[in-house]
Amino acid sequence: MEKDRRTKKLLEAVRLKTQFLGNMSHELRTPLNSIIGFSELLMDGLVGELSEKQRHYMKIIHSSGAHLLRLINDTLDFSKLEAGMLEVFNEPTDLGEVVEDVLRAYNVVAERKGLDIHVEIPADMPPVLTDRRKLTQIIDNLLSNSVKFTSQGRVELAAKRKEGMLEVTVTDTGIGIEPQELPYIFDPFHQVDASTTRRYEGTGLGLALVKKLLEIQKGTIEVQSSPSQGSSFTFRLPFVEFKPEKPTVATTREELIRGLPAAGERPILVVEDNPLAANLMSTWLSEAGYNVQIASTGEEALQKAVNLCPAVITLDILLPQMDGWRVLHRLKEMPETKDTPIIVVSIVEDKSFGLSLGAVDYMIKPVSRSDLISKIERLTKSGRRFHRVLVIDDNPADISLVEEILQLDGYEVLKATSGVDGLKAARDEKPDLVILDLMMPDLDGFDVMRLLESDEATRGLPIILFTAKDLTQIELAHLGANIHDIFGKAQLDRDSFRQKIAELLTSSQPEGSNE
Amino acid sequence: MSRILVVEDNEGNLELIRVVLEMAGHEVIGAPSADVGLLAARKARPDLILMDMHLPGLDGYEATRIIKADETLKGIPVIAVTAITERTDEERVRACGCEGFIAKPVDTRSLATQINEFLKPGGKAQ
Numbered sequence: 001m002e003k004d005r006r007t008k009k010l011l012e013a014v015r016l017k018t019q020f021l022g023n024m025s026h027e028l029r030t031p032l033n034s035i036i037g038f039s040e041l042l043m044d045g046l047v048g049e050l051s052e053k054q055r056h057y058m059k060i061i062h063s064s065g066a067h068l069l070r071l072i073n074d075t076l077d078f079s080k081l082e083a084g085m086l087e088v089f090n091e092p093t094d095l096g097e098v099v100e101d102v103l104r105a106y107n108v109v110a111e112r113k114g115l116d117i118h119v120e121i122p123a124d125m126p127p128v129l130t131d132r133r134k135l136t137q138i139i140d141n142l143l144s145n146s147v148k149f150t151s152q153g154r155v156e157l158a159a160k161r162k163e164g165m166l167e168v169t170v171t172d173t174g175i176g177i178e179p180q181e182l183p184y185i186f187d188p189f190h191q192v193d194a195s196t197t198r199r200y201e202g203t204g205l206g207l208a209l210v211k212k213l214l215e216i217q218k219g220t221i222e223v224q225s226s227p228s229q230g231s232s233f234t235f236r237l238p239f240v241e242f243k244p245e246k247p248t249v250a251t252t253r254e255e256l257i258r259g260l261p262a263a264g265e266r267p268i269l270v271v272e273d274n275p276l277a278a279n280l281m282s283t284w285l286s287e288a289g290y291n292v293q294i295a296s297t298g299e300e301a302l303q304k305a306v307n308l309c310p311a312v313i314t315l316d317i318l319l320p321q322m323d324g325w326r327v328l329h330r331l332k333e334m335p336e337t338k339d340t341p342i343i344v345v346s347i348v349e350d351k352s353f354g355l356s357l358g359a360v361d362y363m364i365k366p367v368s369r370s371d372l373i374s375k376i377e378r379l380t381k382s383g384r385r386f387h388r389v390l391v392i393d394d395n396p397a398d399i400s401l402v403e404e405i406l407q408l409d410g411y412e413v414l415k416a417t418s419g420v421d422g423l424k425a426a427r428d429e430k431p432d433l434v435i436l437d438l439m440m441p442d443l444d445g446f447d448v449m450r451l452l453e454s455d456e457a458t459r460g461l462p463i464i465l466f467t468a469k470d471l472t473q474i475e476l477a478h479l480g481a482n483i484h485d486i487f488g489k490a491q492l493d494r495d496s497f498r499q500k501i502a503e504l505l506t507s508s509q510p511e512g513s514n515e
Numbered sequence: 516m517s518r519i520l521v522v523e524d525n526e527g528n529l530e531l532i533r534v535v536l537e538m539a540g541h542e543v544i545g546a547p548s549a550d551v552g553l554l555a556a557r558k559a560r561p562d563l564i565l566m567d568m569h570l571p572g573l574d575g576y577e578a579t580r581i582i583k584a585d586e587t588l589k590g591i592p593v594i595a596v597t598a599i600t601e602r603t604d605e606e607r608v609r610a611c612g613c614e615g616f617i618a619k620p621v622d623t624r625s626l627a628t629q630i631n632e633f634l635k636p637g638g639k640a641q
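For the protein sequence lines, the chains are Y and W, in the order given. For the record, in the first sequence the residue sitting at position 444 is 444 according to the working numbering, with numbers rising by one throughout. For the record, in the second sequence the residue sitting at position 40 is 555 according to the working numbering, with numbers rising by one throughout.
One should not assume that every hint holds.
[Said to hold, decoys possible] Chain Y regions said to be covered by chain W (calculated; three or more residues, Cβ under 8 Å):
| hint | segment |
| --- | --- |
| 1 | 27 to 38 |
| 2 | 41 to 55 |
| 3 | 440 to 451 |
[Claimed, not checked] Some but not every residue of chain W turned toward chain Y, in silico, with C-beta under 7 Å:
| hint | residue |
| --- | --- |
| 4 | Gly-527 |
| 5 | Asn-528 |
| 6 | Leu-531 |
| 7 | His-569 |
| 8 | Ala-598 |
| 9 | Ala-610 |
| 10 | Cys-611 |
| 11 | Lys-619 |
| 12 | Pro-620 |
[As the list claims (entries may be wrong)] Taking lysine to any residue and the SDA-like style, the derived pairs with C-alpha atoms no more than 20 Å apart in a straight line are:
| hint | chain 1 | residue 1 | chain 2 | residue 2 |
| --- | --- | --- | --- | --- |
| 13 | Y | Lys-365 | W | Leu-634 |
| 14 | Y | Lys-500 | Y | Phe-487 |
| 15 | Y | Lys-424 | W | Arg-609 |
| 16 | W | Lys-583 | Y | Asp-442 |
Keep in mind the hints are simulated off the structure, nothing from the lab. Model, not experiment: these values are computed from the prediction. Glycine residues also receive a C-beta, built at the ideal position from the N, C-alpha and C atoms.
This is chain W alone, in the form it adopts within the complex (with noise of 0.2 Å):
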């Protein structure tokens, strides 16, 4: 069981992310925006983050700068939960320094096996 922190900030959709890795056995912490995930990051230490990209006010890719230019969380594998429809949009999110990213919309059916291979120790994301 992992402790994951999922970034969004529709309703509907954190809430769809919630069921299905809970029901995969995860911990899930939700964030309604930016801000606050950056402090429950800061505070509940995940093992993973899970980031929608467009996000009121602060956005996804600024706040995986911030989280990766911090010594103290940069560890966190930052997953982008975006649509990417061209390869420009895959180059964003790497740019900012996630370590990868989940096609939106997410497939429940794959999204725990998604997440388990960036959970991996020696997985995608290191």
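Isolated chain Y (complex conformation) (with noise of 0.2 Å):
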């Protein structure tokens, strides 16, 4: 007991020296916003033109208040760390993109002294799951002491798939460490004597950092060096390719209701060049319970529509060899083809030709996901048949407890991991039923109900509670007409939140179902 009590504390103590230096960060950052930029200003001539020496005075002003910046910055991330209080945030990322962002800082300063910069990185390495702020912030440490200490020669960064681990190494040919300095150089505020520390100055948190960042992705780092002939840095973090989801409630769906000839089961055929169009487009629709398939060159459009009978084609127009409008033609001449419906989707702003060709729909980019997802569905007619149940939650986990439940009776699911999204998901998607989360960060529960119900789209739109919070007299009294239950999270009983729901979904028909 007595020592749960004290571990309590301690978090709590720890909890607060990093909200602490939150709040110290931001009031130190603030008055370091009007010195950075002032200075900015005046140095870059902008309010008249200086003498020589002013012109001077100012860089130093600037690039002291930018020092200083940048020293704040690291306390605060190395505190974090300390309290293990900086979160990972896996997502998608190109290593190229990520190098070539912190080189745009160097490239300057390369060029003054005269430095080669070469970066090698295989053409096709693909996307790497993980934190690209961590991954960002690694690689520019790394850069900054090789573009500092080099006076002569190059840096280099090659970079490399290896054993499941990408591994990229850092070289150059610059001042270099003493051996005996190597096993301290991870240590904070270690910098190799305090002449260098006058002579480039850093924050001495730097390589620190840069271990830690690492350690906390279950990654490493190592050093080998000589005085004067320079460094080489290598660090390695697991590398987890990323693979597009597969559309997930497109084929559970399918399998509820295999046998079942609708035009909604039949795929949507995307043709679109731009990978990354492509994929967003596809992830929309498939969130929205299409089964989705691409194709990226005319040809391609051409054979995946006779052979996979898509029920409805979206069709960009700049595409590779066959554009568009030949595919278009085409795809209206063959008999297999000339009745699926044709949306085009293009940045090419002409409707009336597009329509003379034979497609139903024309619709210029950007596309708004809320207005792609309607126009399939009014085409697809019959493709929502299901039931569709909105989960708002901010536990990713809750989520997927609730989406397994209602998954054993058919419905539809659509995920909102905030209030905001999930607002957001009740207008545009139309939602039989919502499932809510009291608390939440931001806008929580209550505001959640008190918005969908002041809103004309989402005004009584049948909602069950799914909360870990007890409610009080006060706040039971206060709840609104449309929340049909609350279940606790805590223990569950699933059988009564199953029968609950479907009692509140027989008595109404899917949208859209009856188009």
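Need the complex rebuilt from these two chains, each delivered in its own frame; the hints are there to steer you.
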């Protein structure tokens, strides 16, 4: 008991310390903003020309401000790391882009010094699932050191995929590190000697930060160096390849209604040569429950249109080789595809030409998710035959739990991980029922209820609360008429949960089923 | 030229943003607090709002939520001016309804370009 209390107190102290540092760093950054900004204005001669000397002093003010800012940022990061409060957020990350972004800041210095910066990343390296911000920070620190400590020669960054790891090596021909110093270079505030601090200003936190950032992501770093020859830092991070998610909703729905001939179950063919745009549309459509196929050239589009018998085709116009106009013309000629509805999705604004060639609709890029979905829905008519349930919860684990239960009964599940996303989904997707968590950051469940009720588009939408919070009498009294039931997260009775949902939904027809 | 409302409690920073945007040909209305900012938004109908997120009293997150819940104001893009050090900071900014953010300390050399991105029809904020 005593131990528990002490641990709690300690954790609270750590939290307060980090919060204090967070506030503190904001307070420190605010005046720095003016120092850096105004010195920049003066330096750039935007408020009158400065003398040589004035310009020089202004530069010192500016670079000191920038240095102080870096110190504040590093200190804050470092203390968050120490307190275990820096979270890892993995996302698909293109290493080449990260390196390019970082180098932009050093190109000028490198050029002035006459350094040759060389980057070697295999062209076929796929995006890696990692924390982009942290990867940027790591590479930024290593490259900035190399550029700083190298007065002539070259700086090289080479990356490869090796034994399930991403391996990046930054090599320079700089001043190098004495062997006896090597064991300490990753210690905070250790700089090789006091004179280097003065000569090469730094925070003394860079490498310590890099090491910690790697450690929290199961990564490692090592160094090889010889004085006046140069240094070579190699870090490794787990290489998790980014694979776009399969349209999960579509597969489960497919299984559920196997054998039911419905236009909605035939795939949507997205003809689009830009992989990013194709991916985006594909994600939107599969989230809305469609099976999506992609064709990236005109030829592929014609072939897939015949073989897959899609319910709808979306067609880009600017395609390599055979352009969209010719594809459209051919599709309308072939007996297998002449009745397939085609929506042109392009930056080319020529609606009348598209319609005259037989397109049913024409959308100008960039298209919005809701426009695209509603147009496809209209064309697939019986596409939505299942009740749609929107789950709003900031905890992904709770969403998965609810999703699992809902899928037992074949409902289509829409997910939102914040109140704001939930409101948007409720408006755009018109679900038949909302399952709502109460305790969420920013917009909480009470706000969501109020806003759903105040918006004409979502007023009257039935809501079931799914919460870990014990409601007070006052809170209970304030719940609106739309709240049909409350289920506790702690001991969820799955059967009555399912029954309640079924009751609420059987009385209503799914939206769009009888269009 | 656009009319830009800048909500910022630090006098120096407000002046800095004002100078840079005025040099870029915009009209700038400054508000030292969220309350004044909301009032100014209703009266002056700016084309864009630059919102400091750390404000005394009503903060930038709450103010943005109020703007986005107000039928007459919600069409005005709100750009957060804040130090984004972590992914969660960015999510918080998005979650309250901001159309985008500009990193603090503001880069005087690119501020006007960044703003123009949000002002363009069909630009980032749409």
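So, going through the hints one by one against the coordinates:
1. Residues of the segment 27 to 38 of chain Y with a Cβ under 8 Å from some Cβ of chain W number 9, which satisfies the need for three, so the listed coverage holds.
2. For the segment 41 to 55 of chain Y, the assignment as covered by chain W holds, since 4 residues bring a beta-carbon within under 8 Å of that chain's beta-carbons and 3 suffice.
3. Counting residues of the segment 440 to 451 of chain Y whose beta-carbon sits less than 8 Å from any beta-carbon of chain W gives 4, enough to reach three: the coverage restraint holds.
4. The beta carbon of W:Gly-527 comes within 3 Å of a beta carbon in chain Y, closer than 7 Å, and the hint placing it at the interface holds.
5. Interface hint at W:Asn-528: satisfied, since its Cβ lies 5 Å from the closest Cβ of chain Y, which is below the 7 Å cut-off.
6. A least Cβ separation of about 4 Å between W:Leu-531 and chain Y falls short of the 7 Å threshold, and the interface hint therefore holds.
7. With its C-beta approaching chain Y no nearer than about 6 Å, W:His-569 sits inside the 7 Å limit, and its interface hint holds.
8. Given the 7 Å rule on beta carbons, the hint for W:Ala-598 holds: about 6 Å separates it from the nearest Cβ of chain Y.
9. Hint on W:Ala-610 holds. Least Cβ distance to chain Y is approximately 5 Å, under the 7 Å limit.
10. The interface hint given for W:Cys-611 holds, since its Cβ lies 6 Å from the closest Cβ of chain Y, which is under the 7 Å cut-off.
11. At a threshold of 7 Å, the smallest CB-CB gap from W:Lys-619 to chain Y is about 6 Å, leaving the interface hint in force.
12. At its closest, the beta carbon of W:Pro-620 sits 4 Å from a beta carbon of chain Y; the interface hint therefore holds under the 7 Å criterion.
13. Among the hinted pairs, Y:Lys-365 with W:Leu-634 is consistent with the structure: their alpha-carbon atoms are about 18 Å apart, no more than 20 Å.
14. For a cut-off of 20 Å, the pair hint linking Y:Lys-500 to Y:Phe-487 stands: about 10 Å separates their Cα positions.
15. Proposed proximity of Y:Lys-424 and W:Arg-609 is supported: the alpha carbons are some 13 Å apart, at most 20 Å.
16. Proximity of W:Lys-583 to Y:Asp-442 is assessed by CA-CA distance (about 14 Å); at most 20 Å being required, the pair is judged to hold.
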